[in-house]
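Asker: One letter stands for each residue in the lines below.
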Amino acid sequence: MIEVKNVEKSFKEDGGVRQVLYNINAKFYDGKTNLIIGQSGSGKTVLVKNIVGLFKPDVGQILYDGRDITVMDRKQLKALRNEIGMLFQGSALFDSETVLGNVIFPLKMFSKMSAEEQRERAQFCIDRVNLTGSENKYPSELSGGMQKRAAIARAIALNPRYLFCDEPNSGLDPKTSIVIDELLSDITHEYGITTIINTHDMNSVMGIGENIVFINKGHVGWIGNKEEIYNVDNDDLNNFVYATDLFRDVRKYRREHGYTPTKVV
Amino acid sequence: MILTNSLNQFGDYCLFLWRTFSIPEKWREFFKRYLNEISKLGIDSIPLIIIVSLFIGSLCTILIKLNITNPLMPRYAVGMTTREIILLEFSSSILCLILSGKIGSNIASEIGTMRVTEQIDALDIMGINSANYLVMPKITGLVTIMPFMVIICMGTSLLGGYLICILTGIISTDTYIYGIQTMFIEWYVWFALIKSLFFAFIISSVSAYYGYTVQGGSTDVGKASTDAVVMSNIMILLVDVILTKLMLQ
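Quick mapping for you: the protein sequence lines, in order, are chains S and R. Sequential numbering from 4 applies to the first sequence in the working numbering. Sequential numbering from 66 applies to the second sequence in the working numbering.
Pulled out of the complex, with its shape left as it was, chain R reads as follows:
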């Protein structure tokens, strides 16, 4: 029963994507909405990214320093390990898990409210492909802006580590800088950016699907919003495992 329901839902999700990715009614209107979504979903999330990244970067640095007690281990290993954690996991996967809470619930509740207040029916009655009109700008907008958010996250996290070195003096800033430059593998940056594209697609499309298929009232919109975040997170983690296996081995 659960398997049948899951397959039904997945099929429904695929049909929803099929409807979403069609040629827009009016390109001008699409680009207007696309830029608006970049601003709403991306630019507006930057303060959150900066705050979270600064703290996570500093925490990584402190915790790694506390756990590297072996005298044979070079002190620059703190900076190096912080960098690897940030590039490989935090700046893409963990950031997207955090953003799925903010952006995913925003998308699901916005579209869900439009559904229960019949605004989506109004679009359909006018002859507009409502899925395409409402959802495509969100997906394309978030996929476009996500790599930039990841880059901001990388920079700010490393800055957080640097600032904690200044504030607490756990290691010298020179050692930290030397550490984050040592054995740098450029592919890890690309790896994070590529992963973020997948995650952006998951967050926007899964949340939009849950919002679009809401039935009922405001309570159901809230439930859809929660379900969207939970499902996005599960999908992000699953895709993370698959992509890591495919791209790093």
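If we strip away everything but chain S, and leave its shape as in the complex, we get:
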């Protein structure tokens, strides 16, 4: 489990300081798809970057199964990072490497496997994300969805305990988004890893949101799951969730069939 306690983060800007995160408290559970949602500019990505250690919070603790990343020395941080897989918004595949080269890369750098074992493991991960046959293609030869899947294969190559995904569906069509969501959900349940997905895609939220943290203007606005989110009496969250007619219709339908709002957190 990853626990975020009282995290605050600000950035120096010309002529002052801009605070992005205010007293963030949240828990992200093992074997569940944990979603961080919120509007663009709400502080989601900054929160994720704080959690993975790319930024250091000004105040607060980030505990990985009790280990506080904010006070780790370089060696401890490096050991922890071997337990982390990350899927970036733009996939962040290495342009100069093929799909196989990308997936095998963390194994080459950190595993003690033989070359043959590395190859087998990389092939297993590629097969797991349904990219069989694309091993020798370069990232530029892949579609957006295939790039995401290759990045997921690379992220799971070392059997991570924690998987982070930054906007995994950005730039993808709805159908491919569902494929990526289902893949992430399946992998999370299959390996019991702690998956944190940073998204503003409501289809993802309704599809795979087992633990949802809503960030609004740098504050935690709400915490719950996909069942609860339809009926929350929280204007900020409702403005975000019901921004489209589709979801407004869904809410109307659900309310007509007996769902009632849950209390505001």
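There could be a bad hint or two in this list.
[Unchecked claim] With a Cα cut of at most 27 angstroms, we get these calculated DSS-like pairs of lysine-lysine:
1. K15(S) <-> K288(R)
2. K288(R) <-> K115(S)
3. K105(R) <-> K167(R)
4. K220(S) <-> K178(S)
5. K111(S) <-> K91(R)
Honestly, the hints are just simulated from the structure, not real lab data.
Model the placement of chain R on the given structure of chain S, informed by the hints.
Answerer: Here is chain R on its own, set in the frame of chain S:
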């Protein structure tokens, strides 16, 4: 304000070098990348070096011949002066200024693109020292290959002068050959080679620093690439003055 910013940037550059020069994660991977960089930054630049050197060598010979009109001046002075210009300045400093345009922009844009497409973040998340992994092979590779490029430049420039003597007949080839052998000081060759090591370090490290610290998008990568070349050139000229003063006086 400018002074504070410059000092901040210099401090940042030193920290970047500190991160870069640590023990590689995997030596095997490092050597693979090191050889690749030697090929990419060095071997691939040889055609450019040959073309530029041939022309500069010929131009030096023509211009010196045109400017030495005093009948008391021996004709072999053309070859001798061409040699001195090439050994002392062209083969190291001017060549490195030219190469900083090709190699410097290549390094800055490659690393800058990796930064804006989050590939460097991906390395960091994996627990890899991205500065060490990406930059050290470039610096060591270029520092290794640069003296060889300087030697090629020296030979080709002198050959350029020789060819122009054949083609135009401004002086006889025998006089030119005699000139480039006369009063030869071996230290000048070492001087050029030593300078080139410093310049190779400047080109690779400064360009890598500008690429590594890019923030933004493709426009910023282009700007970083330009800044890298400009700063490398300024640093090369500054170090050139210092080294010339220290090593030749």
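Asker: Take a quick look at whether K105(R) and K167(R) sit within 27 angstroms of each other, Cα to Cα.
Answerer: 11 angstroms, holds
Asker: Please verify whether K288(R) and K115(S) have alpha carbons no more than 27 angstroms apart.
Answerer: With a Cα-Cα distance of about 41 angstroms, the restraint between K288(R) and K115(S) is violated, given a limit of 27 angstroms.
Asker: Is K111(S) close enough to K91(R), meaning Cα to Cα at most 27 angstroms?
Answerer: With a Cα-Cα distance of about 9 angstroms, the restraint between K111(S) and K91(R) holds, given a limit of 27 angstroms.
Asker: Taking only the CA atoms, is the gap from K15(S) to K288(R) under or equal to 27 angstroms?
Answerer: OK: K15(S) and K288(R) at ~23 angstroms, within 27 angstroms.
Asker: Taken at face value, is the distance from the CA of K178(S) to the CA of K220(S) at most 27 angstroms?
Answerer: Between K220(S) and K178(S) the Cα gap is close to 30 angstroms, so the pair fails against 27 angstroms, i.e. violated.
In summary, the structure is inconsistent with hints 2, 4 from the numbered list given earlier, while agreeing with the others.
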